[in-house]
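Peer 1: Number 1086 marks the last residue of the sequence shown (the working numbering); no jumps.
Keep in mind the hints are simulated off the structure, nothing from the lab. All C-beta atoms in this analysis are idealised placements derived from N, C-alpha and C, irrespective of residue type, glycine included. Honestly, I wouldn't trust all of these hints.
As the list claims (entries may be wrong) - For lysine-lysine, the following DSBU-like pairs were computed, each having C-alpha atoms within a straight-line distance of at most 35 Å:
| hint | residue 1 | residue 2 |
| --- | --- | --- |
| 1 | Lys814 | Lys737 |
| 2 | Lys737 | Lys794 |
| 3 | Lys746 | Lys814 |
| 4 | Lys1064 | Lys746 |
| 5 | Lys814 | Lys794 |
| 6 | Lys851 | Lys814 |
| 7 | Lys746 | Lys794 |
| 8 | Lys794 | Lys851 |
| 9 | Lys737 | Lys1062 |
| 10 | Lys1064 | Lys794 |
| 11 | Lys1064 | Lys737 |
| 12 | Lys737 | Lys851 |
| 13 | Lys1062 | Lys746 |
To be verified - Distance windows between CB atoms, simulated:
| hint | residue 1 | residue 2 | range |
| --- | --- | --- | --- |
| 14 | Glu787 | Asp1001 | 39 to 49 Å |
| 15 | Arg744 | Gly1028 | 37 to 47 Å |
| 16 | Arg997 | Glu750 | 36 to 46 Å |
| 17 | Asp776 | Ser741 | 29 to 39 Å |
| 18 | Pro906 | Glu866 | 24 to 34 Å |
| 19 | His824 | Ile1072 | 50 to 60 Å |
| 20 | Glu787 | Pro913 | 37 to 47 Å |
| 21 | Met757 | Arg951 | 17 to 27 Å |
| 22 | Arg997 | Asn1070 | 19 to 29 Å |
| 23 | Val844 | Glu787 | 41 to 51 Å |
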Amino acid sequence: GKIWTSDDRGKSWIERALFPFMHARPFVADGAVYVLGHDSDLCVIRSDDEGETWSEPAKLTEDQFWHQSACNVHYANGKVYLVMERRVHFDHQGWPVSEMAPVLMGGRVDADLTQKENWNFASELVFRDLEEKPNLLGVPFWPADQTDGKGGRLMNPPGWLETNVVQFTDPDHVWHDPEGRTFHLWMRAHTGGTGLACIARVEERADGSMETMLERAPSGETMLYAACPGGQMRFHILQDPRTGLYWLLSSLATDSMVRPERLPADRFNLPNNERHILALHFSRNCIDWCMAGLVARGDNPRQARHYASMVIDGEDLHILSRSGNQKAKTAHDGNIITFHTVENFRDLVYI
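Turn these sequences into a full structure, and let the hints guide you.
Peer 2: This is the structure we're talking about:
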């Protein structure tokens, strides 16, 4: 990976460092800047001069296989929290999202977070190992393996990935924890369909240990899925500390019901795998999402605007998107990074 910094709100960039791992994200803790990702094992680097110079990579695990994307970072209880995903089983030869466990990690902001002993790792919950699998949602939507009769568009077993972590701070929310020790995982749901996210619950104990489990509705019914616009693709959630509203950056699906064999050549993979329109929503509760508008769109389905991350900067929202132009190989394999700013983003709220 590469680290770039900008001092003029994204108009120009300076390359600062290269690092030998992927699926990384930056975060700040007690004046230090970290970048955490994986090269099979979890790796992290640190800067103490605002990103100009960086430490050598430190490993947080040994002989494991991890995954993620540049999803969100959460601060609470004097700690920083984020989620990485460990592949626990190695039986499926295709895309292994059914074999991964989202693992919430928490570390004190005043600790050296390049040291494994300063992190707590939540217990592991693997999608394929769930004993209770709520259905009646058409999951999976497509039959396993070939869907177009040609071998080019494959349906791998359902699973979850690319996890965000949120807390419900509104005392009126049915899942609010007044002790502030409950976290919720909002994950991309690989189902073959659209509009759903996978969700799970993590409870933190007094000793820092954390247990992962499925959430339950007030009725007592187990919940694996929640409505989420763009939940079929990688999305990004953050909470605005000023208003308490949650903001969702995700891919807009427009045509997921077309027969796979009738898709145009420039549409990547399954019909639900549409990646060229990047949308912004807001919500009081992470369930009821209100459309705020479109951030960006490619000229055609090959020219992706997707897999984006965002940060709040005063009155504005800055967004980085994994993108593609007319030279991109596919919508998945983009060839450019685009930077977007939504000015005065709070003015988009109408609730």
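Peer 1: If any of the earlier hints don't hold here, list their numbers in rising order.
Peer 2: Failing hints, ascending: 15, 19, 21, 23.
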